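Okay, here's what each chain looks like letter by letter:
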Amino acid sequence: MSHDLGNGDLQMSTSTLSLRLGAAWYPEHWHADDIKRDIDLMQELGINSVRVGEFAWSKFEPVQGQFNTQWLEESMDLAHAAGIGVVLCTPTAAAPAWLFAKYPDLGFVRPDGYRYGHGGRQAADYAHPDFRAHCQSITTVIAKALGKHPSVIAWQTDNELCGHQKLNVSEHAVAGWHEWLKQRYVNIDKLNAAWGTQVWSQAYNSFDQVPPPYPLANWAHNHSLHTEYRRYMLDNVLSFQRQQVQIIREHSDAPITHNSEDSVDEWDLTRDLDFASQDLYTRERPLGNILYRHDCFRSLLPGKGFWVMETESAGCLDDDLYPEGKLANFAMASYCSGATGLSYWPWRQNISGSEIVGHSFMVYATGDKATAWDGVAKVSALRKQLEPILSTFEPAPASIAFVRSERNGNAYYMDRIAGLEANFDFRGKLEAHHTTLQAIGTWRDVVFDQADLSDYRVIVSPYLPYTSADFLRQMQAHLQNGGIWIAGPYTGYLTEYHTNPTNALLGEFERIFGFQTRHWVKINTLPVTLADGTQATSSMHAHSFEPSNEDEVLGSYNGAGLAGQAWGLCRKVGKGTLYILGSELDDVAREQLYKTVMAREGINGYIMPEGIQRIPQVSGDGKHAWALVNNLTTDQTIQLPTTGCDLLTGQPVEQTLNMPANSNAFVVFDQPVLG
Amino acid sequence: MSHDLGNGDLQMSTSTLSLRLGAAWYPEHWHADDIKRDIDLMQELGINSVRVGEFAWSKFEPVQGQFNTQWLEESMDLAHAAGIGVVLCTPTAAAPAWLFAKYPDLGFVRPDGYRYGHGGRQAADYAHPDFRAHCQSITTVIAKALGKHPSVIAWQTDNELCGHQKLNVSEHAVAGWHEWLKQRYVNIDKLNAAWGTQVWSQAYNSFDQVPPPYPLANWAHNHSLHTEYRRYMLDNVLSFQRQQVQIIREHSDAPITHNSEDSVDEWDLTRDLDFASQDLYTRERPLGNILYRHDCFRSLLPGKGFWVMETESAGCLDDDLYPEGKLANFAMASYCSGATGLSYWPWRQNISGSEIVGHSFMVYATGDKATAWDGVAKVSALRKQLEPILSTFEPAPASIAFVRSERNGNAYYMDRIAGLEANFDFRGKLEAHHTTLQAIGTWRDVVFDQADLSDYRVIVSPYLPYTSADFLRQMQAHLQNGGIWIAGPYTGYLTEYHTNPTNALLGEFERIFGFQTRHWVKINTLPVTLADGTQATSSMHAHSFEPSNEDEVLGSYNGAGLAGQAWGLCRKVGKGTLYILGSELDDVAREQLYKTVMAREGINGYIMPEGIQRIPQVSGDGKHAWALVNNLTTDQTIQLPTTGCDLLTGQPVEQTLNMPANSNAFVVFDQPVLG
Amino acid sequence: MSHDLGNGDLQMSTSTLSLRLGAAWYPEHWHADDIKRDIDLMQELGINSVRVGEFAWSKFEPVQGQFNTQWLEESMDLAHAAGIGVVLCTPTAAAPAWLFAKYPDLGFVRPDGYRYGHGGRQAADYAHPDFRAHCQSITTVIAKALGKHPSVIAWQTDNELCGHQKLNVSEHAVAGWHEWLKQRYVNIDKLNAAWGTQVWSQAYNSFDQVPPPYPLANWAHNHSLHTEYRRYMLDNVLSFQRQQVQIIREHSDAPITHNSEDSVDEWDLTRDLDFASQDLYTRERPLGNILYRHDCFRSLLPGKGFWVMETESAGCLDDDLYPEGKLANFAMASYCSGATGLSYWPWRQNISGSEIVGHSFMVYATGDKATAWDGVAKVSALRKQLEPILSTFEPAPASIAFVRSERNGNAYYMDRIAGLEANFDFRGKLEAHHTTLQAIGTWRDVVFDQADLSDYRVIVSPYLPYTSADFLRQMQAHLQNGGIWIAGPYTGYLTEYHTNPTNALLGEFERIFGFQTRHWVKINTLPVTLADGTQATSSMHAHSFEPSNEDEVLGSYNGAGLAGQAWGLCRKVGKGTLYILGSELDDVAREQLYKTVMAREGINGYIMPEGIQRIPQVSGDGKHAWALVNNLTTDQTIQLPTTGCDLLTGQPVEQTLNMPANSNAFVVFDQPVLG
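Residue numbers (this note's numbering), protein chains in the order written: chain A, 1 to 675; chain B, 1 to 675; chain C, 1 to 675.
One or more of the hints may lead you astray.
Identical chains blur together in the list; that is why a pair holds if it fits in one copy or across any two.
[As the list claims (entries may be wrong)] Computed list of lysine to aspartate or glutamate pairs in EDC-like fashion (alpha-carbon distance at most 16 Å, straight line):
#1 K384 to E591
#2 K369 to E546
#3 K572 to E601
It is worth saying that the hints were derived from the structure and are not from the lab.
All values reported here derive from a predicted model rather than from experimental measurement.
Given the sequences, and given the hints that come with them, work out the whole structure.
Structure representation (structure tokens):
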């Protein structure tokens with residue numbers, strides 16, 4: 001397929017990238033007539049994928065050992081005939097009533113001792129061996145029966161793991177905990193040493209004395225115990241998923257994913273998967289968070305694409321929140337950020353259960369078209385336009401890696417920072433830095449601290465109290481080779497085991513890179529003067545530094561206790577440059593600081609009006625493009641680096657582009673542009 | 001008895017209506033001297049009824065099987081000798097310590113598994129068979145011993161049923177639940193179909209797999225399960241009460257009531273009773289709510305009168321909340337609304353227990369007169385004035401029935417609307433419509449949707465998501481016969497089983513009356529233009545309609561998603577008129593709408609200044625009167641439809657009546673007045 | 001030692017008063033090198049005491065019966081060699097893991113049934129006989145091994161008793177409860193009568209039917225039960241402590257204390273101790289509270305001195321809250337108020353556990369000096385200056401006794417006043433009166449109502465609902481002898497058993513002193529006109545009085561219900577004067593009232609600028625002095641009664657003293673001054 005862009009010779013790829021637009025579909029809720037009408041309506045709307053099987057265990061296995069997959073096979077046949085691909089889910093997030101009746105201890109147990117029962121989702125104990133066995137059995141049956149069905153384009157394991165079952169202290173979970181500790185520490189003395197159990201007579205004589213983090217009369221457990229239990233919980237869920245993945249692979253060639261809703265460590269979760277998926281209800285999220293999530297999911301399994309497996313189609317039941325064009329905006333931002341699938345939840349209004357209101361859908365329970373219909377129809381049209389474009393273009397490689405670390409995030413912050421700031425919002429604080437990077441117009445990936453970071457020129461890593469030896473080694477090499485690392489605030493002040501380092505206030509980070517931290521102080525707010533004279537307000541807690549001769553001082557504290565001490569340092573390390581920040585700054589000062597640093601390091605930024613999303617693209621033959629989304633309800637004028645052509649309209653564009661309210665553009669430039 | 005009204009020939013009835021003024025009395029707390037002093041003081045104050053026996057089980061039966069009723073009989077003898085009638089209570093709301101000691105599982109169990117013990121009220125499990133047996137035994141003993149005592153004017157069962165024990169998941173309750181389900185559904189498949197248990201693998205293989213609504217890790221159970229469990233809880237309490245009613249009837253001719261505090265379905269509760277009673281602490285209630293409650297209680301068992309069984313005498317411990325005259329105002333509004341009894345809680349300050357402060361009383365624990373004394377003395381004088389008047393007059397029959405439905409209210413709203421509006425205040429929302437009817441000066445009854453509505457000209461029924469087949473049949477007949485029905489907002493969108501109808505967005509309501517609903521959307525606020533041009537703001541959720549040729553459009557939405565669609569319809573049905581409202585309006589617009597509809601349907605309204613209560617009266621011989629209460633602290637001038645005479649002062653009144661601050665009037669008109 | 005003050009002949013005592021400056025030290029957390037460095041740094045800083053052993057049970061007894069005290073002995077040797085005294089703690093607040101493993105029911109149980117486990121502090125059930133036995137065993141081992149170590153200057157039992165374990169309803173606690181009741185009441189009928197269990201069928205047939213105060217479905221238990229259970233809890237903890245005290249006394253001559261954090265009845269707690277200690281974190285306390293606490297601790301065990309056993313050294317992690325000089329201000333106020341020891345928590349930053357952030361320290365975990373260092377160094381210098389001064393001077397005897405009563409406070413207010421004022425802050429309300437006494441410049445002790453009050457001229461006792469017979473007898477004698485008693489508001493309206501008295505609204509208080517209370521009313525606010533015309537606002541609840549001929553009326557209520565009734569009375573009793581206050585006043589009016597009363601009774605007051613603390617001193621030879629603390633960040637000018645000399649500077653001072661921001665002075669006057 002070839003487009004004459006009027007101004008050049010861009011060759012669109014003829015290879016087929018299939019962009020999926022789908023919805024969660026529950027044929028087990030409906031009669032045959034309804035199912036047929038659904039298929040017809042999907043075709044009318046341009047839906048080309050459905051997600052099925054999720055939560056349907058009691059339909060697959062109404063009585064123990066009596067399996068039935070035919071009902072779904074028939075629906076899949078209909079879908080296939082209509083050209084609709086199927087994402088097949090394991091139904092294990094909703095164990096049937098007979099399973100709870102059979103095992104009275106099936107439910108997972110809250111730290112306060114309450115055991116859940118049948119009726120909800122993720123109520124069964126993921127550490128329960130019998131539950132595991134039944135999950136393997138039902139997965140095997142479904143994989144065997146339907147794994148090679150021609151409609152299957154992907155598999156999904158369970159549903160939103162760790163969304164509801166976060167802390168489980170059941171007998172089985174605690175037994176597993178003791179076993180996990182034994183594997184990890186071998187000797188109880190090693191655990192005692194690592195956790196510093198000399199405090200409060202917490203020393204253990206054997207692994208089975210180590211409690212789970214149940215409530216205490218006096219606030220918190222040893223933080224090491226908390227952190228390790230969360231790690232164990234994660235490992236437990238990962239092994240649960242792994243069992244399903246192995247079974248599916250035996251019986252199906254379709255790629256496997258999981259729909260994460262941001263309540264699990266997405267790095268570890270996706271190691272066993274073929275592509276990553278996220279549930280991303282945009283309703284109450286700030287705009288900046290959407291690109292944060294997309295930047296992250298694009299990078300989790302590079303080159304594999306990712307899906308937005310659940311999002312709202314809005315309109316119905318939330319009409320006033322969804323102005324004209326919002327659905328298309330989100331679809332544009334998603335597909336152009338690397339999503340190869342976008343799926344709404346659900347297709348049709350539920351008749352019964354707990355979600356009969358409060359969610360959007362394309363079709364009422366009556367079978368009539370709901371208010372979301374028109375918005376999704378526009379998305380469908382957009383998808384068709386984008387498919388050939390995105391067969392040629394893909395998101396540009398970023399020079400900036402923004403580091404997140406769930407082993408830091410979940411493990412350390414939840415309870416620890418309670419001591420530093422009440423109701424500490426780890427993710428909000430972290431993402432504020434990413435939002436600043438968006439605001440100053442840079443293009444970035446969001447990567448985990450376990451990832452290979454060797455392709456990036458700049459590493460930005462705020463909020464990384466535990467810096468692993470591997471990560472520090474990567475940073476050493478990165479700096480030696482001329483890279484830039486903006487470290488902090490809050491880097492290195494905790495060990496792997498959630499204790500304070502004793503070799504230096506910032507531990508190995510400080511030792512390896514040879515600078516000197518002077519003080520570590522909790523503050524409310526404290527004035528800081530940056531090197532360029534900017535007056536800033538720092539907050540939370542503060543590290544101050546003792547600069548050496550080679551250190552450039554980035555700013556100084558003005559407050560009584562730290563008056564005159566260095567707020568941050570910049571030092572050469574090998575051919576590279578290390579920036580160390582001492583505390584959180586206000587938004588304005590942070591933006592000023594990042595701008596200054598990026599400018600001196602020659603990193604380009606294209607500042608867009610707030611509300612405009614810019615997603616740079618490159619084609620296989622070296623063309624540069626920008627996907628642009630105007631999320632505002634007013635027209636916007638955008639300065640482009642050069643002239644080009646908008647592939648969505650086919651029209652040439654000058655350097656000044658006018659974008660109507662809530663509209664999109666895909667501008668291919670006449671010449672390469674930086675950044 | 002005959003009054004010369006100076007201006008006519010009104011004949012006051014010579015039949016004796018006994019108006020009761022009483023107090024809750026606990027002789028079991030006091031010595032013989034105190035008891036005699038109490039009786040003297042009651043006589044001085046004009047108290048002519050006492051409520052006794054409530055919570056006195058451990059006095060009646062200090063050790064299992066050793067009964068003692070003599071202490072109470074002696075107090076009743078004294079009361080009787082002083083002309084004071086007795087309301088005799090079963091003491092079952094407070095099970096004694098020995099009963100809890102005997103049955104370790106006697107306490108009821110919270111959904112989170114906590115079992116209550118001895119010490120409070122309603123702690124014993126109302127589903128426990130042994131508790132039931134002991135309740136029957138103690139009721140039998142008391143009924144036999146005291147049921148024919150000449151002082152007894154009424155019985156009260158238990159106390160404020162469902163006030164403290166709302167959700168009980170004890171072993172006995174759950175066993176009863178399974179039995180109840182079996183009776184109701186016979187076959188588990190029928191239950192699965194009715195509840196739509198295909199969602200989240202909730203299907204059951206047998207009734208005993210159906211859990212009670214204990215907490216889930218992921219928000220709510222299937223809403224059908226919630227709703228049905230609440231129905232079961234209600235049925236359980238009703239059968240508990242029925243056992244007592246049957247025993248009392250065997251041994252006593254006195255009428256039986258129960259003091260409801262608005263935490264139970266008052267329709268179902270009163271089916272087994274002889275008259276209705278309510279506990280109505282006015283302290284924090286808006287004024288409009290008092291007539292709402294009275295309009296309802298007058299209609300529950302028509303012609304039987306009703307009691308305010310508990311209210312505060314105020315003054316003591318709440319002095320600044322009770323301006324001069326407030327007690328008399330409430331008494332006036334109550335007696336003239338149809339109350340035949342008004343009883344304060346308690347007579348005398350408690351010495352001990354949990355209620356030694358925070359309640360009002362007429363006499364301190366020391367035996368001295370408390371601050372409430374004077375206010376109650378005025379009520380006592382008013383009661384004497386009203387007794388002959390209300391032997392002649394009674395509340396006028398209303399042409400408007402305002403429909404409430406607890407099977408809708410309790411069952412559907414509590415959790416369901418959580419999805420539509422956080423902390424949804426069902427009763428507040430519903431009563432706002434009744435307040436509007438008061439504001440526009442109409443006179444109305446509040447009736448349940450199970451009641452016979454054939455005597456009313458106008459039915460007003462907001463917030464009726466489940467419309468029973470019976471109710472719809474009544475409405476069909478009502479409309480065929482020329483009646484008016486203002487339906488909605490929010491009528492018919494749920495089935496009996498708390499699921500979404502599939503035949504139409506508003507289900508049977510829509511199908512039977514043949515109109516067409518187009519959309520159902522959750523909104524925050526959405527502008528609406530009513531047919532007369534009024535600019536309104538709608539809120540919560542919105543139904544829009546597709547008008548047919550015969551439909552008159554009552555208003556249109558202006559918001560993006562529903563722009564231009566009909567907000568409400570008016571259509572002729574038979575000889576009658578059906579108004580269908582699509583969403584909640586702001587107070588001003590709602591008042592405008594109701595005014596317009598009432599005006600075109602010829603329903604009269606007399607608008608009073610805010611704070612004035614008007615309760616129209618009729619006498620057996622066709623005289624019309626208004627009971628008027630000025631609750632304001634300023635004088636008010638009220639326009640009367642014609643001249644008359646104030647029976648409280650014996651003075652003639654012109655058409656312009658001046659009412660002093662906090663005063664009452666009972667104006668008999670010289671000629672009949674409308675409405 | 002003799003000081004030439006330049007202006008006179010003041011002889012400083014040559015007897016040595018040892019003022020201690022210390023820190024909590026945990027050598028069990030550290031290696032030998034660290035320990036030695038700690039000792040060096042302590043010496044550098046002037047630390048002359050350490051508190052050790054607290055929470056170290058698992059180090060003392062890592063496996064049951066295998067004891068090790070050598071590690072601590074070595075550290076104590078080092079301390080001793082460095083001239084540092086040791087406060088030795090029993091480690092019983094932190095039971096080791098093996099003890100929990102051995103006794104599955106070791107944890108204490110919350111009223112809702114949750115049993116705590118290992119990991120925190122005060123988790124073990126203090127009523128558990130096996131726990132008690134193990135506590136005695138470990139205490140014996142430590143006392144034997146280390147009780148005669150030359151470094152030991154004091155012992156501390158457990159830690160912050162009742163801080164975390166307040167209400168315990170374990171099997172053992174409940175068994176103890178029944179036994180305690182049996183001892184106290186002998187006969188169940190006596191209990192039934194005292195508690196008024198006729199209410200709600202609460203009568204008991206035997207002691208073992210009396211439940212602990214677990215949650216009820218309907219708010220609170222009988223208040224008598226609540227109050228008595230709290231008394232029992234206290235007695236249980238006291239007997240626990242007594243067991244340790246007895247063991248320690250067998251093996252050591254050092255005095256014994258306990259670090260109270262204001263969550264226990266400090267009167268009862270200290271009866272078994274040799275001196276009193278308090279934990280006083282000043283961070284969030286109003287300034288007035290600090291002298292309140294000091295006034296109290298000075299008076300608990302008169303002449304024994306007291307310690308501030310824990311306070312923050314601040315600086316680190318709270319820098320902006322600690323302006324220059326604040327640590328020294330607190331030390332000055334403490335030592336001059338009678339403290340003989342002041343100890344920071346902790347010496348060094350924890351490596352591990354739950355308190356690795358959020359506390360201050362002098363040394364980081366790395367061994368570097370933290371931000372608190374400089375502030376503590378100043379305290380250390382001040383301590384050296386004060387030691388000889390305070391060997392000569394001591395706090396002046398006060399003429400005013402401000403009465404507190406924990407048996408009233410904890411027992412009555414917590415739940416009771418819930419009925420009178422939501423979230424009633426008993427201590428805040430009570431201390432507001434003490435703050436007023438500070439504001440009008442009087443000097444006072446804070447004494448418990450059980451104390452010997454015979455040395456005081458004025459007794460001030462607000463918030464004393466239960467007045468014991470002993471206390472009333474003391475007051476009778478006090479008044480007969482010419483004393484002054486300002487009683488109330490809220491005196492005498494409850495009995496010992498938390499019931500309402502029936503002989504008079506204010507019970508025995510009213511009967512003995514012969515005045516007459518007219519009404520008792522809950523109010524929000526009610527205007528009061530004091531006798532001098534001051535317009536006041538009263539609040540909470542109100543007593544009004546019927547004055548007799550001898551009564552002087554102190555003020556009258558203006559509100560509707562109590563209009564014209566007396567707010568307070570003044571009457572002669574014997575040679576003395578009794579003031580009775582009817583309700584709480586606003587701060588301004590309360591100050592006016594106290595000023596007026598003190599003036600007419602000839603009690604002197606020296607009004608200081610707000611933020612200035614004045615602590616009058618006397619020397620053995622009759623010199624008068626003031627310790628003065630300027631807590632403000634601005635210079636202050638203070639009027640002195642006469643000229644003198646500042647012992648901290650050695651400079652003479654005129655009658656007008658200029659104090660720089662955050663500074664101290666110790667002014668010895670050239671002649672005696674009043675008050």
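Results of checking the hints against the structure:
Neither within a single protomer nor between protomers do K384 and E591 lie at most 16 Å apart by alpha-carbon distance, with minima of 38 Å and 51 Å respectively. Within a single copy, K369 and E546 get their C-alpha atoms only as close as 67 Å, which misses the 16 Å cut-off; across copies the closest is 14 Å, which meets it. In the homo-oligomer, the alpha carbons of K572 and E601 lie at most 16 Å apart inside one protomer (13 Å), although the nearest pairing across protomers, at 77 Å, exceeds that limit.
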